[in-house]
Amino acid sequence: MAAVRTLIVDDDDDMRFLIRTIIEAANEGLSVAGEAAHGSEGLEAWRNDQPDVVILDQRMPGMTGLELAEKILTEAPDQAIILFSAYLDDTVTRRANELGVRACLAKDAYQQIPEALRQHGPDR
Amino acid sequence: MSRRRGAAAAAALAVVLAGGAAAGGSWAALLEQRHDGARSTAEADARYLGARLVQATAAAAALSSVDPARIASRISNLQANGAKGVALTDGDARIIAEPIAIPGRGADDDLRSDPLIGPLLARAVDRGPQADGPIRVAGTPIIVAVASRFSVPGPLGASRRRLTAQGFVVLLYDVELAPSGLPEQVTGPSGRSARAGQGGPPGTLLRQQFDVGGRAWQVAYGTPRRPSPTLPLWLLLGAAGLAAAAAAVASRLQGRRDSAVAQAALRERQLALIEEAGAQLQQSLDLSELLPAVAVTLSEDFGFAYVDIALADDDGRLTGAFRLGERLDVPPAPTDGPVPVGRQLLLPLRRGWRVVGTVTARTERGLDTIERTALHALCDLLAVAVTNAQLLQREREAAVQLRELDAMKNAFLGTVSHELRTAMTAITGFSEVLTDNWARFDDDRRRDLAGRIRRNASGLKHLVDDLLDFARLEQQRVLVSPRRVDLAELVGQATETMGELLGDRRLDLRAPAPVTAWVDPFAVERILANLLSNAGKYTPIGTTVTVTVREADGSARMIVDDEGPGIPAGERKLVFSRFYRREDEVTLTTKGAGIGLTILADFVSSSGARVEVGEAPGGGARFLIDFPTGPVTETDGASGDDLAGAPAGGTS
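Protein sequences appear in the order of chains A and B. Quick note on numbering: the first sequence equals residues 3 to 126 in this note's numbering. Quick note on numbering: the second sequence equals residues 875 to 1526 in this note's numbering.
Each hint should be verified, as a subset may be incorrect.
Simulated restraints on C-beta separations [stated by the list, open to error]:
#1 Gly1492/B / Gly102/A: 45 to 51 Å
#2 Arg1295/B / Gly64/A: 17 to 23 Å
#3 Thr76/A / Gly1416/B: 37 to 43 Å
#4 Asn1311/B / Thr76/A: 36 to 42 Å
#5 Pro1414/B / Lys73/A: 25 to 31 Å
#6 Asn1311/B / Gln52/A: 26 to 32 Å
#7 Gly102/A / Ala1324/B: 38 to 44 Å
#8 Thr76/A / Leu1341/B: 37 to 43 Å
#9 Lys73/A / Asn1262/B: 48 to 54 Å
Not close to chain A: a few residues of chain B, all C-beta gaps over 10 Å, as computed [said to hold, decoys possible]:
#10 Ile1148
#11 Glu1200
#12 Arg1225
#13 Gly1226
#14 Leu1323
#15 Arg1346
#16 Arg1358
#17 Gly1492
#18 Leu1498
Treat the hints as calculated values from the structure; they're not laboratory data. Beta carbons: idealized from backbone N, C-alpha and C, even for Gly.
Build out the structure end to end from the sequences listed, making use of the hints.
Quick look at the structure:
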């Protein structure tokens, strides 16, 4: 299995740390390529780090997760993106599907992160 | 059309009544009574027609004198007021121009054959040779036929009801314009003149003069010939005594009937004036539409050259106004009775005991008593309409405020649920990671994760406390049970358990000596927790937050200074508003539901303390709170409202 490099974009320091810890604990070829605390930082990190998967929070100050997803997918339509948010309603999930976001995970479903990364990583 | 012709226009209208004089003699007194009845009817009609004439002349002058823009504006005004058609005709009722097509007419139709307009035109044109013969005036008669959906008062609108039922009525302006020269001198066949209202010898031509636009306009009308007071020969013969008595009774009845008819005509006219303008008042509840429409109607129906409607609220502040025409400094009208030409009327708009506004109007043609009464009645209707419109406006504003508050609450709920779920996720997530990987992680890693769990639990507790306080605050003011405490000691103890709120920031406590305060320790803790939580959100990591407790100005003072960006002076009052969050970069990257300082302000207020937002020595934010040092009564506890806008509960 090829390594899956992940970029984490979340405004909450603890959430980034939790995702990183879960990814690193799962090991098995999963690694963290980088972290960003808001949308514009995330866009820059995505261009620099060239991750396999981007994990995005939806509710962030400035640019929302879906707005960032749209920018990324405009530049790279094949980029795997997972929306990981406490704020998932019908409007958000529908918009995510339209944009081509691969999966939407509620925040309390953090245990599913490694599985989702393997599913949507380069070897899927 | 030339300006010269318009400027020189003169008008005259003859209303000559064929009196009952030919009926022959009876008792002199009865005949005299009958004569007076007929004359008062004639005079009332003439006064009315005179008033309409002046209006009509002004309208026609506006149309004929020249200025095409003015004609267009006049016509569009009529259209705006619901005119269904406007036609200009010559004296034979043939259409000269038809700026707004009259519905149901062909272009070449003779208006006289129109079932609606025809009969009225016939009355207007065919004044016919009456007892004293027609009065001739040089020039071209012009008739302006206006089909309007509003009713028209008075004799010319006699067919008003029938026409109104069909959707519009016909307004006829019956005017003759002299092509040149000075205003025509109007004289009757008798060659004598009499003052209007006083009557004159039988058969004389009464004349009434009106001033419009600085020119004099005259209306001439005839009075019935006074019958001979002598007893006729056939009565003296005695043979027909019974017939004579019958004639006398008939004559008396006729006199009463004439008088009643005159009264009814006056009443009808008054009602018609009210009805016409009243219809306007029911058309809109929007003040911005209502005021101009009413001003135009008043100016047209009462011949006002200037109308100013001003509305005021209960405190006398101007809340709405509309003005038509040019304001001139003219003498006021007498308080009752007829209004002389060129005077200014000030009419209050009353709603019960309240004056909701005023109407100021200047008349160019004078108003008779009937018109004045109608005008007062109209002002009462206007006051009702204005009050209704204002109520609606207030309702709309309240609805907008509620929508805004609703949007803020939704945003607040979104933020809170996000914060709650994030903190819960962190707590359960870190606990799971810790237990699942206990053996793999070294001590430092375990300690770090445990610290994160503790910090999130503490944040969660703070958020839940805030929500509970806020829910209480929504219901009523928070209750405090103050007692005498040492504020320095209390703050010292409280800060020991509040380190988590500051994150990686240092706390510098400066409370060297005991400070007596009259407070509820719980309120002080909530105030302090909110201030530290605020500092923990808005200041850079690694900076210091300083808490100072000391006695100052007879109060127990607590100051919290931070080394963050500070709060701009203009926003220092806003920070206590519910759901308020600044829209700068720091705030956007910071957690918070925007209720912490609202809660703080409420605790401050309930404690009889005051809060002041200022600048800390390093440029950061300073919150200064003065607690009372002894029991306070409801009234003398400064609530901090003047300084901080607290409590913020006023908008719910």
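Exercise for the section: Quick one: which hint numbers does this structure break? Sort them smallest to largest. Expected result: 14
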